[in-house]
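S.K.: Residue strings, one per chain:
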Amino acid sequence: TELRLSHQWSNNDIRHKVAEIVAEEVAAADVDLEIKIFGSSSLFKAREQYTPLTRGQLDMTILPLSYAGGQQPAYNLTLMPGLVKNHDHAARLNDSPFMDEIKEIAAEDDVMILVDGYLAGGFVGKEKCVTKPEDVEGLQTRAAGKSFEQMLAGAGASIASMASSEIYNAMQTGVLDAANTSSSSFVSYRIYEQAACYTPAGDVALWFMYQPMLINKTTFENLNEEQQNALLAASEKAEAFYLEEAKKEDEASIAPFEQAGVEIARMTQEDFDAWREVAKETSYKAFVEETPNGQELLDKALAVE
Amino acid sequence: MDPLLLGGLVAISTIVVLFSGLSVALALLFVAAGFLLIFDGARSLQLMPEILFGSLNDFALLSIPMFIIMGAAIASTRAGSDLYEALERWLTRVPGGLVISNLGACALFAAMSGSSPATCAAIGKMGIPEMRKRGYPDGVAAGSIAAGGSLGILIPPSVTMIVYGIATETSIGRLFLAGVLPGILLVGLFMAWSIFATWRSGNAQVLAFTNYSWRQKFEILPRVLPFLAIIVGVLYAMYGGIATPSETAAVGALLTLLIAVIIYRLWSPVAIWAVLRDSTRESVMILWIIAAAGVFSYMLSSLFITQSIAEWIGTLEVNRWVLMGMINVFLLIAGFFLPPVAVILMAAPILLPIITTAGFDPIWFAVILTINMEIGLISPPVGLNLYVINGIAPDIKLRTILTGSLPYVGCMVLAIVILSLVPGLATWLPDAVMGDRF
Amino acid sequence: MSGHSAGSVARVGNNPFLKAVAALSTLCGWTSAALVVAAVAITCQMIFIRFVLNGSTVWQTEAVIYLVIASTLIGLPYVQRLRGHVNVDLVPLAVKGRARKVLGIAVLLAAIAIMGVVLFYAVELWLFAYERNWKSDTVWGVRLWIPYLAMPVGFGLLTLQLIADLVAVLTNVEPPFGIDEDPLTVHAGAEGARDAEGL
Ligand code: NA
Ligand code: NA
Numbered sequence: 001t002e003l004r005l006s007h008q009w010s011n012n013d014i015r016h017k018v019a020e021i022v023a024e025e026v027a028a029a030d031v032d033l034e035i036k037i038f039g040s041s042s043l044f045k046a047r048e049q050y051t052p053l054t055r056g057q058l059d060m061t062i063l064p065l066s067y068a069g070g071q072q073p074a075y076n077l078t079l080m081p082g083l084v085k086n087h088d089h090a091a092r093l094n095d096s097p098f099m100d101e102i103k104e105i106a107a108e109d110d111v112m113i114l115v116d117g118y119l120a121g122g123f124v125g126k127e128k129c130v131t132k133p134e135d136v137e138g139l140q141t142r143a144a145g146k147s148f149e150q151m152l153a154g155a156g157a158s159i160a161s162m163a164s165s166e167i168y169n170a171m172q173t174g175v176l177d178a179a180n181t182s183s184s185s186f187v188s189y190r191i192y193e194q195a196a197c198y199t200p201a202g203d204v205a206l207w208f209m210y211q212p213m214l215i216n217k218t219t220f221e222n223l224n225e226e227q228q229n230a231l232l233a234a235s236e237k238a239e240a241f242y243l244e245e246a247k248k249e250d251e252a253s254i255a256p257f258e259q260a261g262v263e264i265a266r267m268t269q270e271d272f273d274a275w276r277e278v279a280k281e282t283s284y285k286a287f288v289e290e291t292p293n294g295q296e297l298l299d300k301a302l303a304v305e
Numbered sequence: 001m002d003p004l005l006l007g008g009l010v011a012i013s014t015i016v017v018l019f020s021g022l023s024v025a026l027a028l029l030f031v032a033a034g035f036l037l038i039f040d041g042a043r044s045l046q047l048m049p050e051i052l053f054g055s056l057n058d059f060a061l062l063s064i065p066m067f068i069i070m071g072a073a074i075a076s077t078r079a080g081s082d083l084y085e086a087l088e089r090w091l092t093r094v095p096g097g098l099v100i101s102n103l104g105a106c107a108l109f110a111a112m113s114g115s116s117p118a119t120c121a122a123i124g125k126m127g128i129p130e131m132r133k134r135g136y137p138d139g140v141a142a143g144s145i146a147a148g149g150s151l152g153i154l155i156p157p158s159v160t161m162i163v164y165g166i167a168t169e170t171s172i173g174r175l176f177l178a179g180v181l182p183g184i185l186l187v188g189l190f191m192a193w194s195i196f197a198t199w200r201s202g203n204a205q206v207l208a209f210t211n212y213s214w215r216q217k218f219e220i221l222p223r224v225l226p227f228l229a230i231i232v233g234v235l236y237a238m239y240g241g242i243a244t245p246s247e248t249a250a251v252g253a254l255l256t257l258l259i260a261v262i263i264y265r266l267w268s269p270v271a272i273w274a275v276l277r278d279s280t281r282e283s284v285m286i287l288w289i290i291a292a293a294g295v296f297s298y299m300l301s302s303l304f305i306t307q308s309i310a311e312w313i314g315t316l317e318v319n320r321w322v323l324m325g326m327i328n329v330f331l332l333i334a335g336f337f338l339p340p341v342a343v344i345l346m347a348a349p350i351l352l353p354i355i356t357t358a359g360f361d362p363i364w365f366a367v368i369l370t371i372n373m374e375i376g377l378i379s380p381p382v383g384l385n386l387y388v389i390n391g392i393a394p395d396i397k398l399r400t401i402l403t404g405s406l407p408y409v410g411c412m413v414l415a416i417v418i419l420s421l422v423p424g425l426a427t428w429l430p431d432a433v434m435g436d437r438f
Numbered sequence: 001m002s003g004h005s006a007g008s009v010a011r012v013g014n015n016p017f018l019k020a021v022a023a024l025s026t027l028c029g030w031t032s033a034a035l036v037v038a039a040v041a042i043t044c045q046m047i048f049i050r051f052v053l054n055g056s057t058v059w060q061t062e063a064v065i066y067l068v069i070a071s072t073l074i075g076l077p078y079v080q081r082l083r084g085h086v087n088v089d090l091v092p093l094a095v096k097g098r099a100r101k102v103l104g105i106a107v108l109l110a111a112i113a114i115m116g117v118v119l120f121y122a123v124e125l126w127l128f129a130y131e132r133n134w135k136s137d138t139v140w141g142v143r144l145w146i147p148y149l150a151m152p153v154g155f156g157l158l159t160l161q162l163i164a165d166l167v168a169v170l171t172n173v174e175p176p177f178g179i180d181e182d183p184l185t186v187h188a189g190a191e192g193a194r195d196a197e198g199l
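Chains as they are written, first to last, in this note's numbering: chain A, 1 to 305; chain B, 1 to 438; chain C, 1 to 199.
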């Protein structure tokens, strides 16, 4: 049996390595199962993977689940400011009743989650540091994710929407004053050449994005038991790797910024709480309004210690 | 089936279907659907609308209709002949001043429109009759305009550069800058050949000059101001922090429409509709090919053909310049039959991994590819510019237009050789303006 | 591709069906042009809000993308009517008389078949998005059936125009590939042919 896995990441990205581990482990198990990886958006564009997955036209993918937030509003909770504090907290969240709900919702779309994983991110400023809500007032800001746009707008920032690949040019020419995205994107797009200050994810961080490996549920159920077990075992192994590497990535992202002479700022617990207050009034509120069962889901997520 | 064999089969089917007379976009869709149905099952056909919509779901594509509106609006005014006349009055003391001012006007006009045939028509309508009247050989008159017009896709803004930038995720701002110096190089080569050919034809006396008074020289200058205003406005928006390159196109379109209406008095609704109709026809055609090419490249990738070809070429033990030569021959042949946009969309996903693995610079390659496409524009059988010339100068035999254009093809091949020897001609300016690349 | 040729257009003769389809396609052309003009206006508005007023611009980028997509898809039948979709017609020019007619009919049938398939699945996707109330994953959160509507409309009317073109060839209102049996006319692709005649 051959399964096709599509993703948008480059060959040296951690998410490609996660996919590779699963593919290699499954191949080593010798259960007549092969996973063919189509990386770098070579099969589907980033945001066009979820629908074919739900319809069985694509077997597997690894993507930010919030991309499908327009189809399942509950997914927006997987990219919600201040919901996840750090990577260990994220790991506890993955095994919580909250995530069970998300998995049930995915099952409605005929989707099954194989590998859990969160990646973190931070802020850059073109002229000054961004750590607390007052810092973004009046800045042209590009945010990664709908709920972050809502929160930043609530803090007085002006929102400019563009692809992460455009951040570099936009900061260089002065179209943008600040940006928020994942640690790996900051490095791969060389944003450190255009920033004065970087606020990486540390002991506390605001931006965590759930980026699981998914499989079409029917496709999975049609595999024989041996194949299913091999796939699950491989996924478990990949998940452990994913968590370890995700932690390293945040620290690793600091080095190129330091080398480029960029100031490194840290977010304190107080800053974090201030942001969360803004988020409660903006993105949390909007989420509850537009999601059936939204309050209950949010409470479940916030209940995870 | 072996993906390489399958790839061969796809290539043959595509050629057969294209030559049947089906439009390029539908031919791509037809071949893609056929192979998906046979080798991937019916479930893949279900994906076609999503891929068509998804291929167009990109903000950067906005600049295509915008720059086309710019070209069409400016081509519908007398801006082209104003420009041409101004250059002619000022360059009169230069030997061969007339053909030089024609080529210069082509280059400047190209800097305004993203489209080659528009450049050709706007300058040629005035320039060709004038050159013939003063005794330049028909071949030089027609060939220089056909070749000069082809600069529209090399000198920024350029629709083909935008399409390349989108297909390969390369910075469009950089690509635009990369086309500037090679564009100037080509203009120089075209001028040199035109003067030589005129001198050789025995009409050397036409290389002497007519005289214009200083008064005549200065009174025409204000008429090229609107033109400069647009160029400066667009450049300022793009590199001055006002807008991203894709947004800049809209500024250009608005500016051009305003100038066309206010200064060139393009007031009548009929005239404005003519501009919109022509630009709709061209941009819908291009964007529809982009959408269909999305389905085609999904098919190639899904059947693992793209990946296998790239791998196979990687294992070939050939010199990288031999490889580049082969790629050029392929692009030339494709360019003979297909419009530039279609060639880029079909070829870029396959060629780009090969190019970068072989150590070539994707920005430099964009220029090489564009010059190849320019050759396609002035070479038979589907050389678009030739037919534009045939339209504006019906009494020059098509044969003369064809033979007159051939030496300019030679100039372009020479430019490719020069760019291969001195790649900095393409890469220096973008690096100088936008900083070193990552 | 030139900026200002008069252009060749699908011929309609006295056939009321052909006339009606031509009118529909022309209406599509106006709509398509209007959508692009709206995209220009919105982009300039966005630059103004951001650069001059330093305000938020959350919906403009997305709106402009959908406008350009709609302009393209809804413009398809009009451009088909204007014979603006480029093709390579070496073979159609090489064959003559009956053979050309057979080839012309076969090509139109192939075009209708492929667009029919695309139209069928486009309607299916549109219904899917409508029933499940899919939205875009942005703050604006557009209900996707609205931009998706351009697909059934554009593909449907393109198919209709292609059927009309087939009827025109079958009833001899228009010669196959629009090529008149005139040895003096120069043809090279729809583009070349149009420019040669029009300019
Ligand atoms: Na140009
Ligand atoms: Na050609």
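To be clear, the hints were calculated from the coordinates, so they are not data collected in a lab. Check the hints yourself; a few may be wrong.
Stated by the list, open to error - Result set (DSS-like, lysine-lysine): computed pairs, CA atoms no more than 27 Å apart in a straight line:
hint, chain 1, residue 1, chain 2, residue 2
1, C, K135, A, K300
2, A, K285, C, K135
3, A, K103, C, K135
4, C, K96, B, K397
Stated by the list, open to error - From the derived model, a few chain C residues whose C-beta atoms are all more than 10 Å from chain A:
hint, residue
5, K19
6, A23
7, V58
8, L93
9, A94
10, I163
11, V173
To be verified - Short derived list, chain C residues pointing at chain A, Cβ under 7 Å:
hint, residue
12, S8
13, V9
14, N54
15, S56
16, A63
17, W134
18, K135
19, S136
20, D137
21, T171
22, N172
Only a predicted model underlies this, so the values are computations on that prediction, with no experimental measurement involved. Ideal Cβ positions, reconstructed from N, Cα and C, are used throughout, including at glycine.
S.K.: Taking only the CA atoms, is the gap from A:K285 to C:K135 under or equal to 27 Å?
M.R.: Measuring from Cα to Cα gives roughly 18 Å; hence the hint holds.
S.K.: Can you confirm whether the C-alpha distance between C:K135 and A:K300 stays at or below 27 Å?
M.R.: 25 Å, holds
S.K.: Double-check C:S56 for me: the hint is only fine if its C-beta lies closer than 7 Å to a C-beta in chain A.
M.R.: 4 Å, holds
S.K.: Measuring from the C-beta of C:D137 to each C-beta in chain A, is the shortest one below 7 Å?
M.R.: C:D137 check passes; min Cβ-Cβ to chain A is 4 Å, inside 7 Å.
S.K.: Does C:K19 sit more than 10 Å from chain A, CB to CB?
M.R.: Its Cβ never comes within 10 Å of chain A, the nearest being 40 Å, so this holds.
S.K.: Quick one: work out the minimum CB distance from C:V173 to chain A and report holds if it exceeds 10 Å, violated otherwise.
M.R.: 42 Å, holds
S.K.: Just to be careful: measuring from the Cβ of C:V9 to every Cβ in chain A, is the smallest value less than 7 Å?
M.R.: C:V9 check fails; min Cβ-Cβ to chain A is 36 Å, beyond 7 Å.
S.K.: Does B:K397 sit within 27 Å of C:K96, going by the straight-line distance between their CA atoms?
M.R.: 24 Å, holds
S.K.: Would the non-interface assignment of C:I163 survive a Cβ cutoff of 10 Å against chain A?
M.R.: 29 Å, holds
S.K.: Verify the interface restraint on C:K135: the C-beta must sit less than 7 Å from at least one C-beta of chain A.
M.R.: 4 Å, holds
S.K.: At a threshold of 7 Å, is the proposed contact between C:T171 and chain A supported by beta-carbon distances?
M.R.: 41 Å, violated
S.K.: Just double-check C:V58 for me: nearest Cβ-Cβ distance to chain A has to come out over 10 Å.
M.R.: It is violated; C:V58 is separated from chain A by about 5 Å at its closest Cβ, not greater than 10 Å.
Checked against the numbered hints given earlier, this structure breaks hints 7, 12, 13, 16, 21, 22; the rest are met.
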